[in-house]
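Trainee: Spelled out, the chains give:
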Amino acid sequence: MSRFMNKDAVAGYIFAAPFIIGFLFLMVGPMGMSLYYSFTNFQLGRVPTWIGLDNYSRLFFNNFTDFHNSVMVTFRFVFLSVPVRMVFGLMIAYVLTRKMKGVHFYRSVYYLPTLIGGSIAVALVWGQLFQENGVVYNIFEAVGLSGVAWFDSVSLAIYPLVLMNVWQFGAAMIIFAAGLKDIPESYYEAAEIDGANKWQAFFKITLPCLSPIILYNLVMQTISAFMTFTQAFVITNGGPAGGTNFVALYIYQHAFVWRNMGYASAMSWILLLIIAVSTAIILLTSKRWTFYANE
Amino acid sequence: MNRFKNMIKVAALAVVSVFVFAACGDDSSNITAAGVADGSEDVTIGIAWWGSQLRHDRTSEVIHMFMDLHPNITVEYEFFDSSGYWTALDTRVAANDVWDLFQLGSNYPEYRDHILPLNTFINSGVIDTSNTTQEFIDITTSAGGYIVGLSNGVNAQGIAYDPAMFVAAGVPLPHINWTWAEFEAAALEIAASQGHWGFGNWGQNEGILLTQFIRQQGYELYHETDDRALGIDNPSTMVEYFRMRQTMVEAGASPNVGQMMLITDIEGDPVAMGQAAMTYVASNQFVALNNAAQAHDPNRQLRMTVLPGHPGGYAASNVVNSQMFSMSTTDCEGRQQAAAMFLDFFANSIDANNILQAERGIPIMNHVRDALEANADEAVAQTFAFISMVGQLSDEDGMGHIIGNPRQAEIEDHINTQVERVITGLATPEEAAQALLDFALFIVSQN
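Chains as they are written, first to last, in my numbering: chain A, 1 to 295; chain B, 1 to 447.
All the pointers check out, no bait thrown in.
Example chain A residues on the side facing chain B (calculated, C-beta under 8 Å, incomplete):
#1 Gln131
#2 Trp150
#3 Phe151
#4 Gly239
#5 Ala241
#6 Arg259
Keep in mind that the hints were calculated from the coordinates and are not lab data.
Every value quoted in this text rests on a predicted model; they were computed, and no experiment measured them.
No residue lacks a Cβ here, since even glycine has one placed at the ideal position from N, Cα and C.
Chain A extracted, bound-state conformation (with noise of 0.2 Å):
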C-alpha cells in the first residue's frame, strides 16, 4: 500500500483525479448519452426506444418544426450582435489604455455589466426599461418620435436583447486592452516620425498588431452569441410568434417543458455542428486578416 502511494505517477493521478472524474461524468458521459438519445424518442420519464435518425429528419424536413426559425433567429442575433460588441470593446479598450486619471476605475465600471449582465435580475430590469411605458419608451416619445413597441414586433423583439448583448462588452475589453498594451510604442514613434496622423496609426499599426487578439474575440464571442439564452427566456420567453426564439431556448423548451429530450438532443448536436462549422470558417478565413509580428 505505502509503495503504491509513494509511486510520482499516483499522486498525480490523485490530483488531477478531481477533474477527471468530473470531466468524464459531467461532460463524457453526459454527452455520449445526449447523442444515444438524440435518437431515440426519449420522453422524460418514460422509457426510449431506438428511432434512428427520425429526430434528425424532423429538424430539417418536417414542416410543423420551428427549429429552422430558430436557427434564422439565432444567426440575426449572432449578426447583429458579436460585430457592434467587438467595436465598442475595442474602442473604450483604446481609450482607457491612454494614459489618464481614474483609469482603473472606469476600467472597472465598464467592467462590470459584464459581471452582473447574465443575471436574472438584469434580465428583468432591462425587460421592464423595453417595455411600453418603460423608460425608454418614454424617452422616444419626450423626444418626439412616437414610442416603440418593442416586444410587441416579431422584427424589432430582438434588438432590445442584441443591445443587452451589446452592453456586456466588458470581458472583450479586457482582452483588448492587454493587446493593446504589448504593441510597442516605439510603432509609433516611427509612425509619427515619418508623419502618419492617428487615423493611420491606427489602421496600419493598431489593427494589424492587434489582429491575434481580434480573431480570439470573434471566436470566443460568436460562440457564447450562439449559446444566448437568458435574455430571450427571461424577457420575451421566444416571442412574438417565435421572434426571439433562440435555439438555445428552443432546445430547452422541448427537453424541459416539453420533455422531448430525444428531439432536444438532436437538436443540440446539430447547434454543435453550426457552431463548428462557424468556427472552422473564422479559423480559416483568418490566415487572410490576421498578422503575426514573428512571421
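Put chain B on the given structure of chain A with help from the hints.
Mentor: Chain B alone, transformed into the frame defined by chain A:
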C-alpha cells in the same frame, strides 16, 4: 493493497444497495398495509404541491393534524410556486422517484405512467367516497375507468368583470346566455368609448379558452380514447376564435403581445389594475382578484359570470377539477396505505377543511361543503353559488368531462404561437387554424 480492494468492495456494495432499496425507500419494503392501518408499523410518505403561501400554511397545518392522529405515519412535505413545482416534479419523474402523493391539474395525462389509480382504495373503503356523487369522481377519472386522483376541489371557468365600466360605456351587462358576438361587441364598445381594454387577459389562458371554444360547438380538441388522434378533423371550429383575437387587438380592445408580457400574476391583472373591463378567471381565484381590485379602489366590486358561448350551443363554462392529489406508483403497500389514509382524511375531515377553507376549490364531499357554507363570507358564498349554477348548466348538455392528452402542454404553447402570428400579421385566421390543426395532429401522432 488488500485494504484498498476492500474499500472498493464496500463502496460498490453501498452504491448497489442504494439502487436495490430505492424502489421502496430504505427499509420500508416489508411494511404491510394492515400494520400501517392499525398503527403497529411506522412508515414515512412524501407529498408535494404548488400554490400560494396561504395554501402552504394551511396544508402543512392539516398535515401535522394528520400526523398527530396517526403517530406511526410521518408525512414529509415540500411545496413550490407553480413553475418551480413542475421542474421539481419532472426531475423526480426522470429519476423515477415521484412523491407518494403529488398535486396534478388537468395536465395529468402527461404523468399517467406515474399515477397509481385509486380504484382499489375506493372500492375497499380506505378512501371513503360515500358523501360525494359519481359526477365528482368522474372529473378525475380517465378513459378506461381509472380514477387518477381525488379532487381537492372543483372550479368553474368564468369571466370576471367590472360592472361600473359597462355602465359607464352604456353597454349591457353580461348575462348567463351571452354569446361570443355579444362579448366582442361589448369589448369593442368599451375600448372605443372608455379607452380601456374590453378584455384584459388571454395569455396563459389561451389554451383553456380555445379548447372551450371548440367544446362549446360540441367537439373536443383531443380524442376521447385514442391519444394519437384529435377530436376534430378540420380547422373550422377554430377560425372564428383567431379572427376575434385579431379584431380585438387591432381595435385596442385587448392587449397586444408586448402588453401581455407585463401581466404575470393575478394582482397585475388588467381588471384588478382598472385597465380592463373583463378578464378570464377560475372561480377559486375570484376572491383574490376582487381583493386585488379593491386594493386599488375600495369601492370597486367585481362580478363573475360564465364564459360567452355559441348561440344554441353547448354549456359555455364547465365545472373542472381544480387540482387533485394523485398517488404515485410505488410497490410498497405500506406507503400506499398511508397515502390513501391521508387522502381520505384530507377530503373528509371537517376539521381539516375548516383550516383549508376551500382555497383549492369547492370541496367535492357534501358534508364538508355544507359545513363550510354554513359560515362562509359573502365572496366565498358567491363562488359556491357560481359553481352550482355552472354545474347544473353543464350537466344538461351531456358533453361529459373535458378530454386531455399527454402532449397537451406542447400543443397549448403552440396555440399561443399561432395567436401571436395572427396578431402580428404573419398569418390569417384561416392559416393559423389550419397550421394549429396540422401541428396538433403531428404532435399527438408522436404519442
